[in-house]
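Peer 1: Chain by chain, the residues run as shown.
Number of protein chains: 2
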Amino acid sequence: MNRSGKILGKSSPFKLVDEMLKGSVRALSRLITLIEDETPGSSEVLKRIYYHSGNAYVVGLTGAPGTGKSTLMDHVAIELKRQGFKIGIIAIDPSSPFTGGAFLGDRLRMTETLNEDDIYIRSMSTRGNLGGLSVATKNVIKILDAFGKDFILIETVGTGQAEVDVMKETETTIVVSVPGLGDEIQIMKAGVMEIGDIFVVNKADKNGADRLVEEIETIFRMGFRSEEWVPPIMKTVATKREGVTALVEKILNHREYLIGKGLLRTKRMNRIQQEILEMVNAKIINEIIIPIREPYIVSEKLLDDIVLRRKDPYSVTEEIVDNIIEAFQRSPKGVNQIGK
Amino acid sequence: MNRSGKILGKSSPFKLVDEMLKGSVRALSRLITLIEDETPGSSEVLKRIYYHSGNAYVVGLTGAPGTGKSTLMDHVAIELKRQGFKIGIIAIDPSSPFTGGAFLGDRLRMTETLNEDDIYIRSMSTRGNLGGLSVATKNVIKILDAFGKDFILIETVGTGQAEVDVMKETETTIVVSVPGLGDEIQIMKAGVMEIGDIFVVNKADKNGADRLVEEIETIFRMGFRSEEWVPPIMKTVATKREGVTALVEKILNHREYLIGKGLLRTKRMNRIQQEILEMVNAKIINEIIIPIREPYIVSEKLLDDIVLRRKDPYSVTEEIVDNIIEAFQRSPKGVNQIGK
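Line order of the protein sequences matches chains S and C. Residues 1 to 340 in the numbering used here are what the first sequence spells out, letter by letter. Residues 1 to 340 in the numbering used here are what the second sequence spells out, letter by letter.
Don't take each hint at face value.
Each pair may be met inside one copy or between any two copies, as identical chains are not told apart.
[Said to hold, decoys possible] Below, computed lysine-lysine pairings styled on DSS-like, alpha-carbon distance capped at 25 angstroms: (1) Lys-206 to Lys-86; (2) Lys-301 to Lys-22; (3) Lys-283 to Lys-206; (4) Lys-301 to Lys-267; (5) Lys-267 to Lys-235; (6) Lys-301 to Lys-311; (7) Lys-206 to Lys-81; (8) Lys-47 to Lys-301.
Calculated from the structure, these hints are not laboratory results.
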C-alpha cells in the first residue's frame, strides 16, 4: 500500500473518485480535502477527474463586507435549484480577521438557510502560499464539476490579489454594492468595473439606491468597455428575495450570450492556457530549481556580508542564477532524477 | 544614450541617486516611480542604493477599515518626528474598491494633517502581478532607508495575501482594532495574532474597549506565543492624540528588545535570504524559462483537445516540463544568451 493509501485508510483516492462519480457527497468532501492538502496521489486524482468535468458554469459574486452578498448568493442558489439545476457553492474565507465577518457569516448560513439537497457548500481559506487559493479554487471547481454540478457559485470579498485571481476563474462575475456604505468608499475602481458582467445594487429599499445605480451607469458611459455585452445593473433586496429571479435571468442571459458568440469556449481555452503556464512555472521551480539551487544558496557568511553592506542582494542573486544554470547543464542525470 | 537615459530625459538614474542621497525629495519621488515601473536601469539603481541603506527601522500598522489606523499612524509619525527622528510613510492602497476608503482617506490625510517637514508619504497600489506589491514595497523601503529615514511606517488594511506579505517586511507590527465593530467580526484569527508585536485598541473612549482588551488578553493567555516579548495591549484615542506617546514608547521598547537580543539582525538576515530566494525564482522564470518554453507552449489544437477532454492539462504540463528540460540541456549557447 502506498503512502496515500495509508493516509486515507481503506479508501484509496481512486476508489473515492469512483464513489464521488456515483454521487457520494461524503466522497466528494474527502476528495476536496485530499486535493486541498496536496496529499500524495492528488495529481493522479485530478487527471482522472478532469475527463468528467467541463459541464459546470462558474458564477462569481464579489462585494464589500456588509453588502449582503452571502444572503444574495443563497437565494440565487435556491432559485437556480428551483429551475432544476444542481448547485455548488465555494465561499472564500479570507485568512485575515478584517473582513467583516464573512467567515462566521458563512458558517451561520450553512446551518440555517441552506439545508437543502443539491446545494453543496464548501468554505475555503486564503491561508497558505501566494497563488495557493487560486490553484485550490480551480481544483475544487473541477471536482464539483465532475460531481455533476450545473452551476458553481463562488463568493469572495474582493480585496486582495488572491481574491481577484479567483474571479478570473468565473464565467459570469457579479459585483454587489449597497447604498449608504459611504459614497467615497464604494467608488468603483477600474479593476472591478472591468470584471463585472452584472452589477447588483443590493438593499435597494434603502435610501440612495437610485443614486448608486446612476453612479455605476455614469462610469459605464465613460465607455471603457468594448464588448457587445452591456452589463445590466440590477436592484435586489436579498433578505426579501426581491429581484432574485430577475438576477438569475440575467445570469442565464449572460451565459447564453457567451455560448452564442463562442466566447465561453475562448474564455475556457485562455484559462486553460494560463493554468498550464502557471503549472509549468510551479513545477520547474518546485521540482527542478529548488533542489538544484540548494548548494548555491546563501550561507550565513554571505548573509552577513549582505546585512553589513559588503555585498548587495541583487548581485548575489545574479551569481546564484548563473551557478544554477551551470549546474543544471553540467549534470543532466541529476536533473532527470529530480524532474521525475 | 541608453534607453533609461532617454526615458528619464536629462536626469540619468545614477544622477537621481546622487541627488537623492544629497537630500532631494524630488529625486526621491522620481526614483521610487522609476523603481515601481521597473524602468530599465532600475536594478543597477537598487544595487547602488543598497549600500546606503540598513539604518531605517520598519514599523507596520494593520487593521480593518474603520479602525482609525491612518489617523493613529499620522500621530505616531508626528510624535516620532518630535523626538528627532526622520519619518517615511508607505500607505498601501488596495486595488479593490472594497476596502473602506483607505485610498481616499490617505489622499485626504496627506494634504491635511501631515504637511510637515521630514515626513515623506508614498501611496502604493496592490494592482499588478502577484507578489508585485511585496517586491515594490521592499524596494521603496530601501530607497527611503538610503534617503536617511530613521523610521518607515507602513499601513495596510490587512486583508489579502499581498498585504500579509507586506507585513513580513516590518520589524515591529502593530495590530489595530476598535470596540463596536461587532465582536464576531473582530475575533482575531491566529494569523494576525502571531504577527502582532503591539496590539492597539483605538477609539478607546467608546463602549466595549475594556472588553476588547480582555478578549485579546484571553487569546494571549492561551499561550501560543513562545518569545520573551509579551505583546502589550495599548488603548488609544487617535483623534485626540491620547495614548500616542505611550504607544511610541512601546515601539521604541520593542526595537530595543530586538536589538538587545540580537533578534533584529536575525530578522534581517532571514528576510534577505527569503528575498534572494524569491529573486532567484523570478529571474529564472522570467529570463530563462519563459523564453525557452515558448515553442512548447500550448497550440490552439492542444487547447482544443484539452477543452474537449481528449487530453488533460496535468499530463500536458508534465510533457511541457520534460521538453523544456531537454531543450535547456541541448542548447547551452541559447540559454546563456537568454540568461544574460
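Peer 1: Have a look at Lys-283 and Lys-206 and pick one of within, between, both or neither, based on CA distance no larger than 25 angstroms.
Peer 2: neither (51 angstroms within a copy, 52 angstroms between copies)
Peer 1: Could you place Lys-301 and Lys-311 in one of the four classes (within, between, both, neither) given a Cα distance threshold of 25 angstroms?
Peer 2: Within one copy, since 11 angstroms is at most 25 angstroms while 49 angstroms is not.
Peer 1: Is the C-alpha distance from Lys-301 to Lys-22 at most 25 angstroms within one copy, between copies, in both cases, or in neither?
Peer 2: neither (59 angstroms within a copy, 32 angstroms between copies)
Peer 1: When no copy is specified for Lys-267 and Lys-235, does a C-alpha distance of 25 angstroms or less occur within a copy, between copies, both, or neither?
Peer 2: This pair counts as neither: shortest intra-copy Cα distance 28 angstroms, inter-copy 51 angstroms.
Peer 1: If the cutoff is 25 angstroms on CA atoms, where do Lys-206 and Lys-81 land: within, between, both or neither? Let me know, please.
Peer 2: So Lys-206 and Lys-81 fail the 25 angstroms test inside a copy (28 angstroms) and across (45 angstroms) alike.
Peer 1: Classify it for me, Lys-301 with Lys-267: is the Cα-Cα distance of at most 25 angstroms met within a copy, between copies, both or neither?
Peer 2: Classified as between; 15 angstroms across copies, 50 angstroms inside a copy.
Peer 1: Is it within, between, both, or neither for Lys-206 and Lys-86, if the alpha carbons may be no more than 25 angstroms apart?
Peer 2: neither (33 angstroms within a copy, 48 angstroms between copies)
Peer 1: Treating 25 angstroms as the Cα threshold, decide for Lys-47 and Lys-301: within, between, both or neither.
Peer 2: This pair counts as between: shortest inter-copy Cα distance 19 angstroms, intra-copy 45 angstroms.
The structure does not agree with the numbered hints 1, 2, 3, 5, 7 stated previously, though it agrees with the rest.
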